[in-house]
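> So the protein lines, in turn, are chains A and B. Going by UniProt numbering, the first sequence opens with residue 1, and the numbers climb by one from there. Going by UniProt numbering, the second sequence opens with residue 1, and the numbers climb by one from there.
Incorrect hints may have been included.
To be verified - In silico DSSO-like pairs for lysine-lysine, Cα to Cα no more than 30 Å straight-line: (1) B:K218 x A:K140; (2) B:K218 x B:K229; (3) A:K138 x B:K275; (4) B:K36 x A:K140; (5) A:K131 x B:K218; (6) B:K281 x A:K138; (7) B:K275 x A:K140; (8) B:K36 x A:K131.
As the list claims (entries may be wrong) - Label pairs and their calculated CB-CB ranges: (9) B:R49 x A:R92: 55 to 63 Å; (10) A:T39 x B:N183: 16 to 24 Å; (11) A:E144 x B:G284: 51 to 59 Å; (12) B:L250 x A:L167: 27 to 35 Å.
By construction, these hints were calculated from the structure, which means they are not laboratory data. Note that beta-carbon positions come from the ideal geometry of N, C-alpha and C, so glycine has one too.
Given next are the chains, with one letter for each unit.
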Amino acid sequence: MAAPESGDGNNGAARMVTLISSDNTRFEVEAAAASLSQTLQLTILDGGGGGGDGIPLPNVDSATLSKVLEYCIKHAPAAANGGAPNATAVDRAELERFDNEFVNIDQSVLYSLIMAAHNLEIEGLQSLVAKKVADMIKGKSPMEIRRTLGFPDPTPEEQAEMNAHMLEYGWAYE
Amino acid sequence: MAPTPLELINDVTAEIFLRLPPDEPEHLFRASLVCKPWLRVISDPDFRRRYRAFHRTPPLLGFLQRRQVLEGSPAPRLTTTTAVPPLIPNPPFRDADALDCHHGRVLLRADAADAGDGDWCFMVWDPLTGEKHRLPEEDAVLIEWLRRACTHQRQPRRGAFTLRGANAIVRYNWTNNCISMINPPSQDVYYIALMEMENGALGFVCIEGSSLYLWSRKVSSEAAAEWVKCRVIKLEGLIHVADHDDDEALVVGSAEGVGIIFVTTGAGLFTLELKSGRVRKVDGPEIYFSILPYMSFYTPDHSTLPSLARTH
Chain A
1 MAAPESGDGN NGAARMVTLI SSDNTRFEVE AAAASLSQTL QLTILDGGGG
51 GGDGIPLPNV DSATLSKVLE YCIKHAPAAA NGGAPNATAV DRAELERFDN
101 EFVNIDQSVL YSLIMAAHNL EIEGLQSLVA KKVADMIKGK SPMEIRRTLG
151 FPDPTPEEQA EMNAHMLEYG WAYE
Chain B
1 MAPTPLELIN DVTAEIFLRL PPDEPEHLFR ASLVCKPWLR VISDPDFRRR
51 YRAFHRTPPL LGFLQRRQVL EGSPAPRLTT TTAVPPLIPN PPFRDADALD
101 CHHGRVLLRA DAADAGDGDW CFMVWDPLTG EKHRLPEEDA VLIEWLRRAC
151 THQRQPRRGA FTLRGANAIV RYNWTNNCIS MINPPSQDVY YIALMEMENG
201 ALGFVCIEGS SLYLWSRKVS SEAAAEWVKC RVIKLEGLIH VADHDDDEAL
251 VVGSAEGVGI IFVTTGAGLF TLELKSGRVR KVDGPEIYFS ILPYMSFYTP
301 DHSTLPSLAR TH
């Protein structure tokens, strides 16, 4: 699982790694936090990302990466405990509060985040954002979903097809 | 540049759709009509497999019912408890009883006239598609034997059954082909339901007075097993009873794995969700004896989306 560094700062400095976003911003972060990403974990275990090298992430811009790392830093201690089976109820409630606020953001950021979580294989983050978008879809008609999620306006053909579908599947709209 | 929803790759949109709840099938259907790429993702057989694996237990979509012989069983009919498409008109069963319900299929004992020949036969019927087929004779013999031997309610995963008109639980052990009796925790209640508890133990539900009791079978060793009372839910104010004095609430079934209990009173049939305590009235007052929960995943595919079959 996660790198052995506990990151609590009591037993010396935790190992740090450097990540480089697509727009060339460097982020220095504890290896334990970055290792929430399955993709990065392998590189870090191989000793990468340390010193002046840095790990380039050509698919993630700096705004998205700073958000991703905010999540990883918050969740790293619990992940280091193997999913935190012995975490207190207070810890869990705090993480839940953090998660709820974390996804309370602009949609375009949500999409960037879920793509980044997918590419970096950060399961918890991907699941959190997917749940948020699923909640935005729930209870809406196809047209409302398009509007809510910021789809471009449908072409006349698409519109006609949607209307026909809705007639056919009237039961799903009652 | 931030991506638009259309630029999300299929693997990512699939992650989103996985989290739409199966007990409200309309959400996946609506999402499938948003755009072509979404339709392709949702109707993909691989997505359907993942959706089933992700949610594990199929949701409760409705129920059928059976009664005691003297009460006369109603014609097999699916009553839905959630939004599903208009049901195919009832098949012309002249005389048929619903015996059991699994994997979205109903086992019927049907009159010969419905089957074509012979005295009677067993049929498997899908009430959502109307599809039905007759079981071979050798299966029929076994089912008839089981039918006579038991059962008004069962808890098949653990091989436990309750006996008709008796306050007893019979357990059949598949591995050593052996039948044993389990004494129920409550001696004089005849309307009971068995269920599987979250920890896999055998659960027992009954109503005494105006409270619902949930017991769990705690097995510490082969020899020692005992019932532990694990929940009491006061039904007053939760489930409506009819005005007359002798009306009482009775347990008539349970939906396995989703923690839903069916309770009947003179005011109708209700579902009680154990986890949330939510109560819903699902049908009017009638004689209810044994409810067969209809549990199945209902997701968009070529059979449920006729227009998909036409255009793809």
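> Indicate, hint by hint, whether the structure satisfies it.
Status of the hints after comparison with the structure:
Straight-line distance between C-alpha atoms of K218 of chain B and K140 of chain A comes to about 45 Å, which puts the hinted pair past the 30 Å bound. Distance check on the hinted pair: K218 of chain B and K229 of chain B sit about 10 Å apart at the alpha-carbon level, within 30 Å; holds. Distance restraint check for K138 of chain A and K275 of chain B: the Cα-Cα separation of roughly 21 Å lies within the 30 Å cut-off, and the hinted pair is therefore satisfied. The straight-line distance between the Cα atoms of K36 of chain B and K140 of chain A is roughly 17 Å, inside the 30 Å bound, and the hint therefore holds.
Between K131 of chain A and K218 of chain B the CA atoms are separated by roughly 36 Å; this puts the pair beyond 30 Å, and the hint is violated. Between the alpha carbons of K281 of chain B and K138 of chain A the distance comes to roughly 23 Å, so the proposed pair stays at or under 30 Å and holds. Between K275 of chain B and K140 of chain A the alpha-carbon distance is near 26 Å, which keeps this suggested pair within the 30 Å criterion. Taking the CA atoms of K36 of chain B and K131 of chain A, the gap is about 22 Å. The hint holds against a cut of 30 Å.
The given range of 55 to 63 Å is broken by R49 of chain B and R92 of chain A, whose C-beta atoms sit roughly 31 Å from each other. The hinted range of 16 to 24 Å is not satisfied by T39 of chain A and N183 of chain B, whose Cβ atoms lie roughly 57 Å apart. A C-beta distance of roughly 34 Å is found between E144 of chain A and G284 of chain B, which places it outside the suggested range of 51 to 59 Å. The beta-carbon spacing between L250 of chain B and L167 of chain A, approximately 42 Å, falls outside the hinted interval of 27 to 35 Å.
The structure fails to meet hints 1, 5, 9, 10, 11, 12 from the earlier list, while all remaining hints are met.
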